[in-house]
Amino acid sequence: MMHVGLEHYLAVSGALFALGLACIVLRRNALLVFMGLELNLNAANLALVAFSRYGGHAEGQVLATFIIAIAAAEVAIGLAIIVALFRRRATIVTDLLRSLKG
Amino acid sequence: MTVYDAMFWFFSLALLLCGVLVLISRDAVASALFMVLGFIFLAGLYLLLEAWFLALIQILVYAGAIMVLFLFVVMLLDFREKRRWWHGNLLGWLGAPLAVAALLAALLPVLKRAGALADAPEKWFEGTLENVMTPVFTRYLLPVEVTALILLAATIGVVVLGRKETKP
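Read top to bottom, the protein sequences are chains D and F. If you read the first sequence in our numbering, its first letter stands for residue 1, the second for the next number, and so on. If you read the second sequence in our numbering, its first letter stands for residue 1, the second for the next number, and so on.
By construction, these hints were calculated from the structure, which means they are not laboratory data. A hint or two may mislead.
[Said to hold, decoys possible] Not the full set, but computed from the structure, chain F residues with beta-carbon under 10 Å of chain D:
no. : residue
1   : Y4
2   : L48
3   : L54
4   : E126
[What the hints assert, rightly or not] Quick look at which bits of chain D chain F covers, simulated, 3 or more residues with Cβ under 8 Å:
no. : segment
5   : 65-71
6   : 82-91
A quick note: this is a predicted structure, and the numbers were derived from the prediction, not measured. Every residue, glycine too, gets a C-beta built ideally from N, C-alpha and C.
Use the sequences and the hints to build the structure in full.
Okay, here's the thing in structure tokens:
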């Protein structure tokens, strides 16, 4: 069996991103859609850290740090939007929220 | 197979299993808890990559703060879907495999070339606090300040969004 290298980490990252994508497309609960988004961000972080490690430069991990900081802001805003949505419409099923469809 | 390889396979398979369980759990609380568990395994992968600082941040900020906020909102709303999530979502079931297949097809060339991208082992980067944070506070000082502004804007936005609606 071959040794674990950059490509193994990238494969795990791609699989995790695919799971997040499936979560976004398949789930109807807005909270679960949001969790899929978090999975995507973490998959990107894993790829960045792996590139940084094997490429021998700091930029990947610096960018991952920024992504975590921005993700915190994004989660706060997103959850506030979902709570406000729930208070107005009493549902967070994305299929039922179609007032923008015209 | 070395210990390193065994740990890699354990952490990555556990992480992907947690991802699958996030996707298929009916209960949003269970999804959030599986996600916390998955992030802890992801921190283990960071440790294997010698990204010590990011592993710490992953547990403190992601598993500790962000996912607790998630759990708080999930329990606050206490919302249950009436239909099971896999019922009557034809467009999603058609679209998801298509999207995933397109993504993996785009990734395959990168995976094939990844071996050539890796540097010699003595040049590998060790993600200590000093190595990661020195560029952040020197070359990338402006992005740090912009991030601080974004966090401030997000905080103000959450306060505005969370207010009761008042008639103008």
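Consistency of the hints with the structure:
{"no.": "1", "hint": "Y4", "in the structure": "7 Å, holds"}
{"no.": "2", "hint": "L48", "in the structure": "8 Å, holds"}
{"no.": "3", "hint": "L54", "in the structure": "6 Å, holds"}
{"no.": "4", "hint": "E126", "in the structure": "8 Å, holds"}
{"no.": "5", "hint": "65-71", "in the structure": "holds (count 6)"}
{"no.": "6", "hint": "82-91", "in the structure": "holds (count 5)"}
In this structure, none of the earlier numbered hints is contradicted; all agree with it.
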